[in-house]
Amino acid sequence: MGERKTFELEQGWEYMQKGITKLKGILDGSLEQFNSEEYMMLYTTIYNMCTQKPPNDYSQQLYDKYREAFQVLPSIREKHNEFMLRELVKRWANHKIMVRWLSRFFHYLDRYFIARRSLPPLNEVGLTCFRDLVYQKVNSKAKDAVLDVIGKERDGEQIDRALLKNVLDIFVEIGMSQMDLYEDDFEAHMLQGTGAYYSAEECLKRERERVSHYLHSSSETKLVEKVQHELLVVHVNQLLEKEHSGVHSLLRDDKLDDLSRMFRLYHKVTRGLEPVSNVFKQHITAEGTALVQQAEDAASSQAANGGVQEQVLIRKIIELHDKYMTYVTDCFQNHTLFHKAMKEAFEIFCNKTVAGSSSAEQLATFCDTILRKGGSDKLNDEAIEETLEKVVKLLAYISDKDLFAEFYRKKLARRLLFDRSANDEHERSILSKLKQQCGGQFTSKMEGMVTDLQLAKEYQSSFDEYLGNNPSTRPGIDLQVSVLTTGYWPSYKSSDINLPAEMARGVEVFKEFYDNKNKHRKLTWIYSLGSCHINAKFDQKPIELIVTTYQACLLMLFNTSDKLSYPEIMTQSNLSNDDLPRLLHSLSCGKYKILSKEPNTKTVTQNDSFEFNHKFNDRMRRIKVPLPLVDERKKVVEDVYKDRRYAIDAAIVRIMKSRKVLGYQQLVMECVEQLSRMFKPDIKAIKKRIEDLISQEYLEREKENPNMFRYLA
Amino acid sequence: MERIDYLFYSYANRSSGMIDPEGIEILCSDMEVDHMDVRILMLAWKMRAEKQGYFTLEEWRQGLKSLRSDTVNKLIKALPDLEKEVKRPPNFVDFYNYAFRYCLTEEKQKSIDIESICQLLDLVLGSHFRAQVDYFNEYLKIQSDYKVINMDQWMGFYRFCNEISFPDFSNYDPELAWPLILDNFVEWMRAERT
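Chains A and B, in that order, give the protein sequences.
Anchor point for the first sequence: position 644 equals 644 in our numbering, and the numbering is continuous, going up by one each time.
Anchor point for the second sequence: position 120 equals 120 in our numbering, and the numbering is continuous, going up by one each time.
No lab work stands behind these hints, which were simulated from the structure alone.
Cβ atoms here follow ideal geometry from the backbone N, Cα and C, with glycine treated the same way.
Careful, some of the hints might be misleading.
What the hints assert, rightly or not - What follows is a list of derived Cβ distance ranges for each label pair: (1) B:Lys141 with A:Asn123: 45 to 55 Å; (2) B:Lys141 with A:Met669: 48 to 58 Å; (3) B:Ser16 with A:Glu632: 54 to 64 Å; (4) B:Ser16 with A:Ser695: 26 to 36 Å; (5) A:Lys680 with B:Leu57: 36 to 46 Å; (6) A:Lys684 with B:Leu57: 41 to 51 Å; (7) A:Met669 with B:Glu32: 20 to 30 Å.
Claimed, not checked - Rough simulated footprint, nothing fancy, chain A against chain B, three-plus residues with beta-carbon under 8 Å: (8) 17–29; (9) 42–56.
Said to hold, decoys possible - Sample of chain A residues lacking proximity to chain B, with all beta carbon distances greater than 10 Å (derived): (10) His267; (11) Lys281; (12) Glu425; (13) Ala536; (14) Val636; (15) Phe709.
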């Protein structure tokens, strides 16, 4: 890299010393700053001195000099009590800044020298210096001062809690994130003192809780404190100030008349309503967030009952919405400010995740429960309609509407295909409400699905007719086929399962029939969605089994073989390890053991073998052998995110095509706006898409202005 | 002109008619410059050499003519001036851009892997922006969002070194159109250093 001047150690160090002196000056209050150039010169000096050829390679010497640079003079010793604590906190803060800056100058040492010699990194060296020079000498005095202050608080005096927290943080940090220094040097003493102060055990517990405010503040407590703090600080007007905590308590105590009175009063004051609406917003947000937290807590303590929890939360949010909407219409006379406050509050907590399930999913599940057979037996039609209406209103607050749509679509598909929908009219009704709120594009696929099923019924009738007129074609089984239009329905995997002869024949016949009517369409069979009624002849009595098509195919294998091993079943059925264990489990390890498994363990492995359990019996003559659903959440989220990428690309290209040249921030803004109907795009995601489009030469960055983009035709 | 051609053929590969990597190594040793030295890259730039590791006759002629050299000695003497020329602002951007393109060895290749980028940055920007290069290289090696760097990101980094105050980043605004990788770098630096 060309000729480089060699620095002697004294020379180079003299230069560094100037920088260090300047740094100390800054910490003592001088208004100077380091500019980029100075910083870079200091960094490069160290770099050069470390990369020079021996004997001018000064890495070891520089490491030692780094340590020497910390001479913290404990003027702390002369001070006492709170003054001493403040000084300690200040010195510690300064020390940390100095460590940070010096580490940056000496960074090159950290990268190579330290690793090579297995020495403590610069950070640690700095902290150790403080510990040895200052902490060891004053920690006992500091501890006494802190206990003193705590004592004052117990006696009812106001204390500076922030100061205490800062001091105790030092105890923790010096221990380098090991708690032993904090525990030994402080906590032990504190606990001892506490025991002496109170006699009853209960008081001790309460004391611990109280002190926990400034030992390790829970963020919740801090938050509530802050909110209250904000409430008191937000307004200037003395009159309002008194009323402010009043507004809060009026809301808390549901004093509607008083709130109405207050509204009328402040309506006359210029901007008098703003603080009131702010409190309103915060109040709702707090209540909503608490509901979410409750749900989260309940979910984690009852891991099994996932579905039940979600429903409860949605119901409670709907109730909350109803309650405060009344406030807006009655007390606050429908004022826009309060509508806005409510909207913003709901947007905050309606987008929280509970137990891994997003609000979009929760809402879709809630809908599914209502629309399913047996889901809302207790409600009459009117009540159901009302609930659906409210659910759609809630959707307005959820930013990931596309996620809701996809979950809804998946569950709708199940309801339609397995005939689980309770009421066709309700299904159509909610779709029209969704259409009104979110636009036709949102519901077009779902509407297509509902229509498909109706058409499918018509096809079925003509298929039955066809069979009636052509007896030679009859496959020997009762076959019902639902023909679906691909674009409307969620995507399904179709695997190449080996159908039993009877089913295969049925499929052939239908295919002939269909091809005759529609020469230009292709049928793809999704056997994984099918169900089957199959007669099983057990020793005691025959029982009709309601199973999925896949389960039926497996059972039919035992018509020709008595006993089959897992690998044999896999070969004969042509199913994969993804599907087979689950299916065999449902037939041999669940509630109804149609097959017996050897060995008789609770899980299915590749070494198992299976036999038809002819001894099986049940008091019913027809039973449904359930197959547990695969969790689709991950796939849904993946699919939606993929669609979003395309949506963002399309939006960017559309915007750039029409504007030709556009600034970055403008582009992002328009993108967000265009997409906001369906989801809230992540700004980073937009940036990434722009970069990909640049790579693919759809766009380019302007040379003169790197914040502008140009569309490339 | 003749002497330049003569010099060319003394390094060129008989069958291909170009100076190939082997030839370049010999040239470097004659010039007493390491073949990974940035000055060789500068020479390639001056020649506007298209393919990494190869010099054609045309490129050679163009380069040596503008350096007014027709012997190895003159070439050696021309290097310091070449360095100065490259470092002059309008040229340096061009050189920096060139360095990236020079490393695109496959046809249709548009980006360069992280390992090579780190070496290239060190070579090309190390003397100007030691600290930024060191920290950025550290970051590149530990992050996993990007496995390759493209031209836009490459140029963006140079702009970054020139415009942004280091290491405080006080004037860095992620809401501007900086490449995302730099947004992430700044975020990482800020998190690491508190």
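Do the hints match the structure? See the list:
1. B:Lys141 with A:Asn123: 45 to 55 Å: Violated, at about 20 Å.
2. B:Lys141 with A:Met669: 48 to 58 Å: violated (35 Å)
3. B:Ser16 with A:Glu632: 54 to 64 Å: holds (60 Å)
4. B:Ser16 with A:Ser695: 26 to 36 Å: holds (33 Å)
5. A:Lys680 with B:Leu57: 36 to 46 Å: violated (60 Å)
6. A:Lys684 with B:Leu57: 41 to 51 Å: holds (49 Å)
7. A:Met669 with B:Glu32: 20 to 30 Å: violated (57 Å)
8. 17–29: This one is violated; 0 residues, fewer than the three required, reach chain A with a Cβ under 8 Å.
9. 42–56: Contact hint for the region 42–56 of chain B vs chain A: violated, 0 residues under 8 Å.
10. His267: holds (38 Å)
11. Lys281: holds (26 Å)
12. Glu425: holds (49 Å)
13. Ala536: With a cut-off of 10 Å, Ala536 (chain A) remains clear of chain B, as the shortest Cβ separation is near 53 Å.
14. Val636: Given a closest Cβ separation of 24 Å, the condition holds.
15. Phe709: violated (8 Å)
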